[in-house]
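Engineer: Protein chains in written order, with this note's numbering: chain L, 1 to 512; chain H, 1001 to 1512.
Hints were generated in silico from the structure; no laboratory data involved.
Think about it this way: if two alpha-carbon atoms lie no more than 30 Å apart in a straight line, the pair counts; the simulated BS3-like pairs of lysine-lysine are:
id, chain 1, residue 1, chain 2, residue 2
1, L, K105, H, K1080
2, H, K1060, L, K60
3, H, K1105, H, K1115
4, H, K1115, L, K115
5, H, K1115, L, K80
6, L, K378, L, K350
7, L, K346, H, K1060
8, H, K1090, L, K115
9, L, K90, L, K236
10, H, K1008, H, K1346
11, H, K1080, L, K115
12, L, K346, L, K393
13, H, K1346, L, K147
14, L, K90, H, K1105
15, L, K350, H, K1147
16, L, K60, H, K1350
17, H, K1350, H, K1008
18, L, K105, H, K1090
19, L, K80, L, K115
Number of protein chains: 2
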Amino acid sequence: MTIRHALKNHRAVDFAAWYQEVVAEADMAEESGVRGCMVIRPWGYGIWERIQRLLDDRIKATGHDNCYFPIFIPLSYFEKEAEHVEGFAKEMAVVTHHRLIGDGKGGLVPDPDAKLEEPLIVRPTSETVIGAAFSRWIQSWRDLPVKINQWANVVRWEMRTRMFLRTSEFLWQEGHTAHATRDEAMAETLAILELYRSFSEDVLAMPVVAGEKPEHERFPGAVATYSIEAMMQDGKALQAGTTHYLGTGFAEAQDIRYQSSDGDHTLVHTTSWGVSTRLIGGVIMTHGDDDGLRVPPMIAPHQIVIVPMLRDNDEDAALLAYCEALAARLREQSALGEPIRVLLDKRPVKAGPKRWSWVKKGAPLIIEIGGRDMAEGKATQIRRDALYRDDGKLASEALALDALVAGAGALLGEIQTRLHREARERLDRSITRDIADRDALKAHFADASAYPGWVEVQWSRPTGADRDAVVEELKALKLTMRNVPRDAAPVDGPCFFSGATAVERILVGRAY
Amino acid sequence: MTIRHALKNHRAVDFAAWYQEVVAEADMAEESGVRGCMVIRPWGYGIWERIQRLLDDRIKATGHDNCYFPIFIPLSYFEKEAEHVEGFAKEMAVVTHHRLIGDGKGGLVPDPDAKLEEPLIVRPTSETVIGAAFSRWIQSWRDLPVKINQWANVVRWEMRTRMFLRTSEFLWQEGHTAHATRDEAMAETLAILELYRSFSEDVLAMPVVAGEKPEHERFPGAVATYSIEAMMQDGKALQAGTTHYLGTGFAEAQDIRYQSSDGDHTLVHTTSWGVSTRLIGGVIMTHGDDDGLRVPPMIAPHQIVIVPMLRDNDEDAALLAYCEALAARLREQSALGEPIRVLLDKRPVKAGPKRWSWVKKGAPLIIEIGGRDMAEGKATQIRRDALYRDDGKLASEALALDALVAGAGALLGEIQTRLHREARERLDRSITRDIADRDALKAHFADASAYPGWVEVQWSRPTGADRDAVVEELKALKLTMRNVPRDAAPVDGPCFFSGATAVERILVGRAY
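Excised from the complex, chain L in its bound form (with noise of 0.2 Å):
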């Protein structure tokens, strides 16, 4: 039986149409006009609320101090970490001049005598302006550790770009920490590590594998990057969130030093760490389906929405009464934690537009309520997450009220919990662990439209130009080495790529 879902694209055939297509009709997000930039738009802006939210709790609770540093960051800055300028230096947007005047027809033009004598660049990451104000505060070995984070907007010139996943400005928090030693700091790069992977599991009900980047795959500047990797529903992997042990090169480009109790002078060592916007990308290609969105409880900005099959008429009036009763009943209820979060949808505009609405915006629950509902002291309950009956009708239940507001907790809950399920059951069955060879690596992935997922290989950690010769073989087959599992299984075979003894085993697959 065919259901007529409510996109156009469906993800089987157009992946990137889907996403485009639900990122517009889901109400997320849109062009701006300005190039490479979007508007997030309110049910998108919404859901970043929740994650700034939840995920600003979680830094908080492990000793972390929200800060405000600048957005423009002088190039002298990026001058004296060779390294990590290296990395960014291609793509920031520069601010030259202060000012703008009159071009004598109309028009604006920056003004010539407002040229900035050293040019500021509009902020691609923090580490160096953060590192500039450590060095201001760190003077002894009680000054540490310094424990700090930061939510705000970079901007990292892109020349093609998508939604959420790939644009010159985006949203995000960089937490910049700094350690008298090697162990603690290497401590807190993989404390934030776990801290991402759980939050990734649990709020956002995507699941992710938690690993090192292999060595040329390191954030500018880096001693050791790791991330958490998550795998959309076309099987390419999305890098989600990264944390880095900068070891003493910030620290020295810097002149970041503590006074340890012996008087020595020392550097510090430091990490850093970051989610942005792009996390929302990922939740869409994660738990989205044909309908649209399908938000995770604990995410989403409106968990139930009412909408009332109002006739404008002079019944509408008790409707709306009987629907902001159920609507406070419910807020009194707790879903995951939390009051839950009612919408009662009252604009004017038919039920059946309205109800399709918020199927694609995701919301997980909708309830549909009518005269008749009323009369009969009801609600009609529709599962964003279990959209049809199996004849393929949609699939609503009537219930009374009481039995509604009693089980909307749990089954809040519920959701948040299969959606998850189903999202790690569609990873963990996404990863080849047996390919013997080039010739089936190449036959793996040769079907793009199957979407292979992800395959892990035991490999040697070449470095130089044996690591040079396998990244380049995997490029040509558009692959790239994701991370490496931190809870990977023990090496028991020779490398993939040389034949020499495995240390590790790494991912690799397609990528946003």
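Start from chain L and add chain H according to the hints.
Structural biologist: Then chain H, alone, in the frame of chain L:
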């Protein structure tokens, strides 16, 4: 009797130096090394986060959705609204290049091959780019009203900067709405003015006068601008928030029209409104004293700070356990409608300096606990709003834990009320209404060190050259017109300046 205060600079002696010292000593903000931009430090940013959360709740409760718009605005957008750009054109950060390259001497320069065809402006405010979105979003009367808000950073190039009060980059919220009629848009403008007024009074404990700005002080492009004006302890005014009725001017420039039920394509009426990190400067200059900041409990990141008198010996563990237990009990209490926010300060710093660091930061309640307190089942409480006894000694009070816990919520409420009352009384007594003539006006403001406050005069609201003459006359006394209070008494005399019939009362004073 002389009190030896915690700050070197006192308000009565050098208000500007006192302000700078509070900003530094209360861990609020510091120079960033980037021209005109500040680093907002943890305590300062924590206060901003409280302001954000409480104001955001109110903005959402009145039907506004949060969105996010690009930081960059194409130059051509500004060229469309001539009156608007006139007000801002002189002070904007202009992005002209999107890449850096090596200069061959180890440095970096903007890449001449990466010059933008059209320069981008770092947003000084977002009317133009949000107007472009409105023109896409609004088609029919059914789409109205559109009521959105954004939390963002903005940049206005400033030559002379002062922390929180005037910085090149600052953080703010900007609300933008579109309505079918002038009346609706004006109602929104005034509703937000009232929201700002009550927020300032009830949350910041900062009394303000809400009123309309005179024509020459309007926002560029606005038809009417309203402000809340707060009185600082040196008698100067701080414009703490503004709301604007923009008429149809922006709608015309951006072609924002709706099809009415009659089928006409009609221009919408828009509003905009904002408050910024400037509010923090207002809080400092409203509530600070010669011992530092006093943070109103509603916006204090920590309302109660527990300082254990650690001795670096075996008894510390028991003392910390005692403190932890008290912290847990206090966190179960509510103050001002929320759970009490409690910090146990375990830093390896001596109790004395630790106490004074929290006095300077202005934590509302400081609780010190030493071995003797513990032995007696007590704790010693210091109210930041009543720091000294009549004899000049620190007013600390040892209380049994049960009494302290039971009283904490009400006490924090009392501190909030008291800070507001104190500031309200100061504002009320610092407005002079009986200035007879120009000589009296001049005499009133002759001695700035006497903190002469504001003067309310009746005026005939002249226009053109007559108005300019009044503005110039006031400027010679370093005075500006602040606003026409909404709740001013009716006029009952002639215009202070011209002797003509007065039409309204207006506040005049020095300002930040």
